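**Q** Using the sequences and the hints given, assemble the complete structure.
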Amino acid sequence: MNMKALISSIEPRESGYRVAQVAADNEIFEVAEGLFWVDCADDVVADRFYYEPNTKQILAIPPAPPKPIPQPTNG
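Using the numbering used here, you'd call the opening residue of the sequence shown number 205 and step up by one each time.
For the record, the hints were derived by calculation from the structure and aren't laboratory data. All the pointers check out, no bait thrown in.
Straight-line distance between alpha carbons at most 20 Å, and here's what the computed SDA-like set of lysine to any residue pairs gives:
#1 Lys260 / Ser213
#2 Lys208 / Leu263
#3 Lys208 / Ala236
#4 Lys208 / Val242
#5 Lys260 / Ile214
#6 Lys208 / Ala227
#7 Lys208 / Lys260
#8 Lys260 / Phe240
#9 Lys208 / Val248
#10 Lys260 / Trp241
#11 Lys208 / Ile265
#12 Lys208 / Trp241
#13 Lys208 / Ala245
#14 Lys208 / Ile232
#15 Lys208 / Gly238
#16 Lys260 / Val242
#17 Lys260 / Ala250
#18 Lys208 / Glu256
#19 Lys260 / Gln225
#20 Lys208 / Asn258
#21 Lys260 / Asp246
#22 Lys208 / Glu234
#23 Lys260 / Leu210
#24 Lys260 / Pro216
#25 Lys260 / Glu218
#26 Lys208 / Ala250
#27 Lys208 / Thr259
#28 Lys208 / Asp247
#29 Lys208 / Asp246
#30 Lys208 / Asp251
#31 Lys208 / Ala228
#32 Lys208 / Gln261
#33 Lys260 / Ala224
#34 Lys208 / Phe233
#35 Lys260 / Leu239
#36 Lys208 / Asp243
#37 Lys208 / Ala264
#38 Lys260 / Ala245
#39 Lys208 / Glu231
#40 Lys208 / Arg252
None of the values given here were measured: they were computed from a predicted structure.
**A** Here it is as structure tokens:
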């Protein structure tokens with residue numbers, strides 16, 4: 205089954221736009237201005253991927269760097 209990603213061009217993410225929803229081809233619906241559907245891989249997940257408009261690719265959002273562990277202070 206072919207999958208589609210709903211792209212929100214009014215919500216910037218990384219260097220592109222938010223993937224707002226993922227649906228099967230037969231489940232897509234008409235959308236308002238600023239939104240559009242593109243083909244995507246089966247493993248794409250909304251809000252964990254973004255659409256890069258220059259390359260027309262859907263890419264994973266990189267994980268956040270680990271938070272530093274607080275060092276105990278001698279006091």
